[in-house]
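Peer 1: Chain by chain, the residues:
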Amino acid sequence: MQVETGKPDTFPKLLLHHARERGESPAIREKEYGIWQAWTWGAMRREVEWLAAGLAAAGLARGAHIAVIGANRPRLYWTLVAAQSLGAIPVPFYEDAIAQEMVYVFQDAAIEFAVVEDQEQADKLLEIVPQCPSLARIWYDDPRGLRHYTQPQLASYESLREMGRRRASELPGFFESQVASGEGSDPAIMMYTSGTTGHPKGVVLSHHNLVSSSVAYAELEGLRDDEEVLAYLPMAWIGQNLFSYAQWMTVGFRINCIESAETVLTDMREIGPTYYFAPPRVLEALLTQVTIRMEDASRVKRLLFRYFMELARRVGGELLDGRCVKASDRALYALGNLLVYGPLRNALGMTRIRVAYTAGEAIGPDLFVFYRSLGINLKQLYGSTETSVMVCVQPNGGVKPDTVGPPMKGVEVRILESGEIVLRCPGLFREYYKNEEATREAKDAEGWFHTGDAGFFDATGHLRIIDRAHDVGKLADGTLFAPKYLENKLKFFPHVKEAVAFGDARPHATAMINIDVQAVGDWAERRGIPYSGYTDLASKPQVIELVRGCVEKVNADLARDPKLAGSQIHRFVILHKELDADDGELTRTRKVRRGFIAEKYAAIVQALDSGAGRCAVEAQVRFEDGRTGTVRAELAVVAAKTFEASGPAAAARGAPATRQEQVAA
Amino acid sequence: MNLRELEPQRARRELGAPILALEGISLAFGGVKALAEVSFDVREHEIRAIIGPNGAGKSSLLNVINGVYRPQQGRITFRGEARAHMEPHHVAAMGIARTFQSLALFKGMTVLENILAGRNLMMRSNLFLQALRIGPALAEEIRHRRRVEEVIDFLEIQHVRKTVVGRLPYGLQKRVDLGRALAAEPKVLLLDEPMAGMNIEEKQDMSRFILDVNDEFGTTIVLIEHDMGVVMDLSDRVVVLDYGRKIADGTPAEVRSSQAVVDAYLGVKH
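These protein sequence lines map, in sequence, to chains A and B.
Going by the working numbering, the first sequence opens with residue 1, and the numbers climb by one from there.
Going by the working numbering, the second sequence opens with residue 1001, and the numbers climb by one from there.
Simulated from the structure, these hints should not be mistaken for lab results.
Errors might be hidden in some of the hints.
[Claimed, not checked] Listed next, the stretches of chain B that the computed footprint assigns to chain A, with coverage defined by at least 3 CB atoms under 8 Å from CB atoms of chain A: (1) 1117-1123; (2) 1143-1155; (3) 1158-1166.
[As the list claims (entries may be wrong)] DMTMM-like mimics (lysine to aspartate or glutamate), calculated; alpha carbons at most 20 Å apart, straight line: (4) K31(A) / D1153(B); (5) K600(A) / E578(A); (6) K31(A) / E1150(B); (7) K31(A) / E1156(B); (8) K1162(B) / E270(A); (9) K1162(B) / E30(A); (10) K434(A) / E412(A); (11) K1162(B) / E32(A).
We put the beta carbon where it would ideally sit given N, CA and C, even for glycine.
Given only the sequences and the hints, what does the whole structure look like? Please build it.
Peer 2: Set out below in structure tokens:
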């Protein structure tokens, strides 16, 4: 879709537009010292102008890259616009990335300047200065702890702003002329994809890409300039960037920066967002909290909760989609709304939500249905960094939990012979930075982007995603094996935090499992099972039984699907440590790196293949301060019951697809 | 280039003149001599540790500075004024605040209220105006509240701002206790075993906060601590007590190599 001509086509132009149109209305808020402090569009325009003048004086040139590292802070958002005003390209980083992970990106993009949040981030950059000699200037927002630093690279944001303020008054019109010389096709931002293999790739997105995607969302949902949005996710994630930056700048609504990571729930209740975006893990954490608090509630409340949640599961989703529901159920739901759903939505800070999205990974059906049944219009969408998150969205009034909905307006989607999804859309990225080969691989001559995801359209034209195309493999006997599918099924149990499935070219499917310390810990406490920490808890025989129950439920479920019955999980271990991005086991967006894990824990994988018993393991862990240590443990390899396939495929093959196995424990 | 060289360099804080000096302090409870002829000084902006085995007289010494105990002999000089002993309310008004080994918090009140209580001495408007929240009392409350919020921000306890203190884990309660003391904007902060009963992570956090307080506000800090590692890392100078006597006084390195200290801690062969 084309952006209407005459409309501002870059973010800095949009800023000037909003400053003119709605200069007095708040653009961004941040909770500091217990109070929500607000800046209007007009105030923000001045801040950005000064900052841009300061950055220009410091030597930030058109086309150069500038690193932005930290939590959601207004000044970091202003840095994005200020850099874009000068035609420079901001590169946001995950704030929890360790110093060594940043080295590659700094070298790859030859980054000279960085604006960081605080001492923690400044320390990391100072550590990598020897490896990244081009890094010349680091400005920090929060001066705490940095007063006595004497490094020549360091300076405060305050000093940069002051310098810019003077420059701006000396050179009136400088800012406007810089903004005017930008074009929609210029690169707006570069985001590094976490990459489950190899080095991260810098995805270059233009203003046009992000604005097109934002306009499409705004039209689809009728977004207005009085929407309230909570800015709480990492700035380096495309989801956060699109929903809290690109759409914010395009539509002109308000974003609200949280006080600290621990206060999200309180902040959310205070703001009452009308438009909300959350990856499944956040929604899951919220649900876990609700469940735990309900278990501590009085008997009457528990009964009420159970009764009305059951009703909501039955009719809540139907009502939300505007379908026909019995009058008696309707009346009961209204009562439930008064007694349970309303107060619960309020406790979650979701009372005012008109539209909520979830994306980033697969969401469990129970979790998804839970929120929808409460009357919260939660929808799934499908997209990636490369597509500016512009592919498919579930339509209002027609949500099917196992699909991601039909393609958005302006998006063409095709399914290749191999099952891979390919697409074209205005949000499609320009290129991978300095990596023509990868760009050519991902985007073919006709402009089709190869997503690497496998999926198909259902009868109603909704897209259903199964797995990453290259992850889909075959067991030794040729049975289809979709690891992500198994992992997600396992992760949908509240007691399982992470799962890694193995099976490609192996005799059976097996799995490594991380328990959820909070949920299982709570479970153990209720049963009076003492434990000292994750490792201890994970090795308790009762916990192993608990997880075995989950695995067997997954198997029973798989057995019902003829295509997947063969990939039931025969054996599993509960890992002795939590998989961690710092150890390279997860990506920063918390996706498991299966290949890396298979290599690192080769001994466990072998034990899983060879049969039940025990297996000794030694693993290196990296602490938050960068030091490393070793953890040793002996793990139990546990066999799980598998089930006779009930579909027609098993019969056709003439032999049982699965075999029964008794448990050694 | 060596990585070590690029690690953040701490420019030395300027240590000022002695702000607090104790001369020949002796304290006895009946026949028991708790302190005998103890003399030492604390310089402005300094982190000064008092260490010693159990029963060495560390807490007694802190209580003498604090005015809870009256020494039988000796003289205390604080900011140029010499006295034979201190009075608790004077001490607080003169800018000395302290934290307690066994926490002194209002368990039934929120974190915010507890820290606000630390500003009690600075509240000027009368009880009547405060109760009705009218006139100058309101403006004053806003001012105090702002300062309390700065303390909350500084100690990173925003997430428990409105939580009742009794429900917090021990490590956080210790932090709130420090916050209550900081709210009084003290010149000198007395910390009685700030890390007692903490795990390593909590100790690291607390150490960082102590250093930051010293760094950001220039607060002079006198602390009693059992954990030798912590003491040696944090302090500028260390006083060592044993059976109520001062047996060593100097930088951590000097104290560590003192024979008297080794004997007191490890015992002497007879």
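Peer 1: State for each hint whether it applies.
Peer 2: The hints, checked one at a time:
no.: 1; hint: 1117-1123; in the structure: violated (count 0)
no.: 2; hint: 1143-1155; in the structure: holds (count 7)
no.: 3; hint: 1158-1166; in the structure: holds (count 3)
no.: 4; hint: K31(A) / D1153(B); in the structure: holds (11 Å)
no.: 5; hint: K600(A) / E578(A); in the structure: holds (14 Å)
no.: 6; hint: K31(A) / E1150(B); in the structure: holds (13 Å)
no.: 7; hint: K31(A) / E1156(B); in the structure: holds (14 Å)
no.: 8; hint: K1162(B) / E270(A); in the structure: holds (14 Å)
no.: 9; hint: K1162(B) / E30(A); in the structure: holds (19 Å)
no.: 10; hint: K434(A) / E412(A); in the structure: violated (27 Å)
no.: 11; hint: K1162(B) / E32(A); in the structure: holds (15 Å)
The structure fails to meet hints 1, 10 from the earlier list, while all remaining hints are met.
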